[in-house]
Amino acid sequence: MSPTATAGTAAAATAATAAERGRAAAPPAHLTMRDALNRALDTALAEDPATLVFGEDVGRLGGVFRVTDGLQRRHGADRVFDTPIAESGIVGLAVGLAMNGWRPVPEIQFDGFAYPAVDQIVNQMARMHYRSRGTAPMPITLRVPSFGGIQAPEHHGESLEALFAHVPGLRVAAPADPLDAYHLLLQSIRGDDPVVFLEPKSRYWDRAPLPEGGLAAAPELPVGASRVVRPGRHATLVAWGAMVRRCLAAADLAAEDGVELEVVDLRWLKPLDADAVAASAARTRRAVVVHEAPLTAGLGGEVAALVTERAFRDLAAPVQRVTGFDVPYPAGPLEPQYLPTVDRILFAVQRTLEY
Amino acid sequence: MPTREPPDPRPHRARPLPPDLARRLYRLMLTARMIDTEAVALQRQGVFPAYVSLRGQEAAQVGSAAAMDPERDFAFPTYRELAVALTLGVDMVGYLASHRALWHGGLYDPMASRFAPINAVVGGPVPHAVGWALGERLAGRTGVAVSYFGDGASSEGDVHEAMNLAGVLTAPVVFVCQNNRWALSVPNERQIAGGSVAARAAGYGMAGVTVDGDDLAAVHDATRAALERARSGGGPTLIEALTYRAGPHSTSDDTSRYRDPAEERAWADRDPLVRTRAALEAAGAADAAFFAAAEAECRAEAERIRDGVSAAPEPPGTDLFDHVFREPAPHLAAQRRVWEEEVR
Ligand SMILES: Cc1ncc(C[n+]2csc(CCOP(=O)(O)OP(=O)(O)O)c2C)c(N)n1
Ligand SMILES: [Mg+2]
Chain C
1 MSPTATAGTA AAATAATAAE RGRAAAPPAH LTMRDALNRA LDTALAEDPA
51 TLVFGEDVGR LGGVFRVTDG LQRRHGADRV FDTPIAESGI VGLAVGLAMN
101 GWRPVPEIQF DGFAYPAVDQ IVNQMARMHY RSRGTAPMPI TLRVPSFGGI
151 QAPEHHGESL EALFAHVPGL RVAAPADPLD AYHLLLQSIR GDDPVVFLEP
201 KSRYWDRAPL PEGGLAAAPE LPVGASRVVR PGRHATLVAW GAMVRRCLAA
251 ADLAAEDGVE LEVVDLRWLK PLDADAVAAS AARTRRAVVV HEAPLTAGLG
301 GEVAALVTER AFRDLAAPVQ RVTGFDVPYP AGPLEPQYLP TVDRILFAVQ
351 RTLEY
Chain L
1 MPTREPPDPR PHRARPLPPD LARRLYRLML TARMIDTEAV ALQRQGVFPA
51 YVSLRGQEAA QVGSAAAMDP ERDFAFPTYR ELAVALTLGV DMVGYLASHR
101 ALWHGGLYDP MASRFAPINA VVGGPVPHAV GWALGERLAG RTGVAVSYFG
151 DGASSEGDVH EAMNLAGVLT APVVFVCQNN RWALSVPNER QIAGGSVAAR
201 AAGYGMAGVT VDGDDLAAVH DATRAALERA RSGGGPTLIE ALTYRAGPHS
251 TSDDTSRYRD PAEERAWADR DPLVRTRAAL EAAGAADAAF FAAAEAECRA
301 EAERIRDGVS AAPEPPGTDL FDHVFREPAP HLAAQRRVWE EEVR
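Taken in order, these protein sequences are the chains called C and L.
For the first sequence, the numbering used here assigns the number 1 to the initial residue and increments by one for each residue that follows.
For the second sequence, the numbering used here assigns the number 1 to the initial residue and increments by one for each residue that follows.
Treat the hints as calculated values from the structure; they're not laboratory data.
None of the values given here were measured: they were computed from a predicted structure.
Backbone N, C-alpha and C define an ideal beta-carbon position, used for all residues, glycine too.
It is possible that part of the hints are untrue.
As the list claims (entries may be wrong) - A short, non-exhaustive set of chain C residues, derived as facing chain L with CB atoms under 7 Å:
(1) G89
(2) A162
(3) A165
(4) P168
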């Protein structure tokens with residue numbers, strides 16, 4: 001990519017981000033994704049006495065991102081508690097608590113530190129229900145602040161969705177905006193299967209206007225459903241987490257050139273709403289899937305296959321993937337060049353249009 | 001070949017078991033030994049693809065499990081806890097179904113039996129016991145979790161995390177490490193720095209106890225005390241029961257590659273069945289008629305279980321899909337249709 005393109009990309013991304021965040025004085029009737037997730041946890045703790053929230057620094061501190069802020073004060077130190085720094089133990093604890101009738105919502109402090117817990121997540125949490133022939137309840141929602149974009153230290157910008165989507169017995173979800181985050185987290189907690197819930201930390205401070213009637217009145221989609229966040233007719237962008245906003249920014253720019261992009265927020269990454277995504281791609285005849293994770297064996301390949309299997313005859317071009325590169329997640333200054341840029345998304349759209 | 005006597009177990013001051021209990025536990029040990037012998041035979045006959053024998057660990061398992069309250073407590077086993085299962089009243093045909101490779105976790109109901117699914121991850125289930133135990137404390141109930149694991153498992157990070165968590169959270173859990181001297185081909189000397197698993201308890205702020213794991217009364221007493229402590233809010237205990245894996249690691253193993261046959265021969269004197277029988281006789285708690293009747297009845301029970309597991313039906317193919325999730329999953333429904341059309 002040329003230096004000019006890089007600069008342009010950065011500028012576009014910055015502009016988009018500022019607009020997305022609604023920096024203009026926000027009236028109190030707005031809330032951030034962090035607020036929404038906090039309210040979802042509060043609701044879950046209030047509505048079901050079996051719900052427990054625990055992890056590293058989630059109690060008095062309220063979590064490093066303050067997602068659990070105030071929960072210990074409101075619900076007590078028995079139901080919202082700090083654990084030692086032991087990711088595998090935290091998930092193992094959740095498995096045992098679930099077997100004893102509790103509804104655990106453990107937090108892994110940062111994405112990269114889910115790796116020490118992979119054995120408990122994959123060999124235990126994901127399989128205990130199956131292993132026990134459905135007798136052991138396993139309603140665990142494992143919250144993981146995820147993805148990059150905040151110039152964090154190493155191991156604080158990982159995208160784990162392909163890893164966990166590959167595991168039988170796990171559901172995987174990732175919210176993209178505040179209002180949806182509220183319902184998505186609540187649905188994950190209320191559901192009776194283990195969910196790995198990937199929160200886009202670069203979006204924690206995004207604001208959305210609070211609907212009349214409060215958060216609970218925000219539109220709630222069925223479990224498993226994707227959603228069209230912007231309708232269009234020339235190509236479909238498929239994304240999740242923080243990349244949804246980036247796709248919307250790309251769609252804004254494309255619209256200036258008369259190209260109408262449809263943006264689909266996947267929301268559920270496993271099981272994935274394949275029919276709806278394919279239906280969108282069939283309508284627009286072109287699809288570009290965008291994710292932060294590296295290219296090879298990323299979820300983009302799965303989306304491309306599912307769309308191709310269902311909509312091959314309707315497609316005018318092969319499904320394109322715009323992803324991170326197959327390199328370890330880079331440090332700050334290189335981050336904007338690693339993450340899919342608006343320019344790269346638009347290049348990919350152009351390839352599908354000119355195919 | 002490295003061999004070493006285990007550190008001298010703390011001379012137990014266990015009172016002799018009440019005669020009724022001693023007789024009942026001896027019969028459980030004998031039944032376990034006989035089921036175990038049948039299971040090895042089933043593997044030889046090709047009914048089981050493989051089997052892991054508990055031979056030599058009957059006192060450690062029966063003694064500890066018999067101290068549990070089967071109405072309140074919950075056991076988290078590995079793959080070698082046959083006699084724990086038997087003592088807790090688990091359906092043994094369902095238990096052995098795991099070894100016949102009918103269902104990995106076993107076909108018994110783990111929740112109703114209060115005996116978690118058989119777990120093949122060394123160390124993996126130990127933190128589950130802590131979670132379950134914490135759940136008891138939070139609910140204001142008085143059940144205690146008992147976590148079984150081996151000397152080899154004691155090296156796993158999960159076991160350390162679990163013990164620290166148990167200490168920090170004052171979880172009512174009893175860790176029972178059956179130190180059978182071997183972790184597959186690796187002896188204690190190359191497994192346990194410092195030579196004692198129980199000694200590590202101090203570092204986690206809990207009581208650590210070493211017992212002669214082949215002394216039924218000592219194991220029972222140590223476990224009973226640990227359960228009482230946990231139940232009354234005193235937190236976790238780590239019990240290291242020194243015992244011996246009398247047979248190979250599994251039916252696929254070849255001990256001649258790593259351990260001196262003399263060691264196995266020497267074990268014969270330590271055989272917990274022989275010792276328990278001698279203790280019963282010495283206490284005048286059982287006579288020849290008792291042992292003859294026990295022999296016949298336990299054999300009949302073992303044969304019934306052997307026949308049951310041999311005849312158990314294979315699980316239907318629908319079992320592939322039925323227990324993955326509780327909530328609907330469209331992708332699995334689609335894959336199940338493929339199975340129906342192209343495989344079944
Ligand atoms: C995490 C893990 N690593 C390795 C293995 C393979 N493995 C199975 S049993 C075993 C030895 C375990 O020894 P120990 O904990 O002493 O238990 P024992 O077999 O003596 O009962 C090994 C290495 C495994 N099942 N799980
Ligand atoms: Mg061992």
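To see whether the hints hold, each was checked on the structure:
1. Satisfaction of the interface hint for G89 (chain C) is found here, the shortest Cβ-Cβ separation to chain L being roughly 3 Å, below the 7 Å cut-off.
2. With 7 Å as the threshold, the beta carbon of A162 (chain C) stays out of range of chain L, its nearest partner Cβ sitting at about 15 Å, so the hint is violated.
3. Hint status for A165 (chain C): violated, given a least beta-carbon distance of 10 Å to chain L, over 7 Å.
4. Residue-level restraint check for P168 (chain C) holds (minimum Cβ-Cβ distance to chain L is 6 Å; threshold 7 Å).
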